[in-house]
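One-letter residues, chain by chain:
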Amino acid sequence: MALSDEQLERYSRHIILKEVGAKGQKKLLNAKVLIIGAGGLGAPAAMYLAAAGVGTIGIADADEVDLSNLQRQIIHATADVGKAKVLSAKETMNAMNPDVEVKTYRMFVDSSNIRELVRDYDFIIDGTDNFPAKFLINDACVLEGKPFSHAGIIRFKGQLMTYVPGQGPCYRCVFKNPPPKDAVPTCKQAGVIGAMGGVIGSLQAMEAVKYIIGVGDLLTGYLLTYDALKMEFHKVKLPADTHNCAVCGDHPTILEPIDYEQKICEDK
Amino acid sequence: MIIPGNDRRWEMDMKITVSGEVKEVKDGLTLPELIEQENVETPEYVTVSINEEFVESAAKESTVLKDGDVVEFLYFMGGGR
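Sequences listed follow chains B and X, in order. Going by our numbering, 92 is the number at position 92 of the first sequence; the sequence numbering is gapless. Going by our numbering, 37 is the number at position 37 of the second sequence; the sequence numbering is gapless.
One or more hints might be untrue.
As the list claims (entries may be wrong) - Below, in silico cross-link-like pairs of lysine-lysine (DSS-like), each with a Cα-Cα straight-line distance of 30 Å or less: (1) X:LYS60 x B:LYS230; (2) B:LYS27 x X:LYS66; (3) B:LYS235 x X:LYS66; (4) X:LYS23 x B:LYS18; (5) B:LYS18 x B:LYS176; (6) B:LYS235 x X:LYS60; (7) X:LYS26 x X:LYS15; (8) B:LYS176 x X:LYS66; (9) B:LYS237 x X:LYS66; (10) X:LYS66 x B:LYS18; (11) X:LYS60 x B:LYS83; (12) B:LYS26 x X:LYS26.
Simulated from the structure, these hints should not be mistaken for laboratory data.
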């Protein structure tokens, strides 16, 4: 389908890029991205993907907007406090760009629904705030053969990596199993600088856009870390050996996503 | 003739790269010693790679670093919402 005059105008700064062009823009308009967690990471990721004209954006989150979210979750406004995050996020995205169909999933993701959820999408963004959810998303994406962007943020630090089936290690290759509850501090306990979600969530959106258009090098096989206080990015090359991984290795022992004890933690 | 103990070369430092930064450390530095020097937070939950290979948890205690090693600490980061 040809781009309308309005779309040619709206996406002109994309279309003028030789790496994107009308062809790349059409790929974006036909793409489906799922964002799990409508918070610090999910908010900027959702907004940039909506602005970019990603045709279908799914957003999953069970929570309502809380006053303490607004320091970083820029997709929600003061008037949204108490509203379901997925609805607040949908309203913002629709207001930004009517080209985008936003699908909302107001629920906790767990082993019973995650595989079916990711199956409908081309790329998944992990914007969750706890390890059980991060491992759940990793395992579901590996099992369903879906690419995804992992990210984590805390205090003045952030990290991300991209998994593409067959092109490098998954999150579990690196981190094996979730740490025990409270062994590693959460944002609620330790705090996080608001703009960190903006930096790392935007990088996740960038990975999704590059994957969809098919340009450049993704963060497959690397973990990118960002230290805001030192103002340093560090790209760590990950071990290439994935043979022994419990989910993506040669002899996987994890054949279904796992619900670890620690449930989705409150970030209120 | 080189007599071990008398030759200063036996006490020479070695250079390793830790999180992208080249550091001079004492010869024979162990991984637990490096973890202490670097003030690694919650070391029992940190994944370590040396020369792009994971160090198995069971081998962390006994790992001795060599000149030229490239060490990375990969931290759990759970926040996001």
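Would you pick out the hints that fail for this structure and give their numbers low to high?
2, 4, 5, 10, 11 and 12
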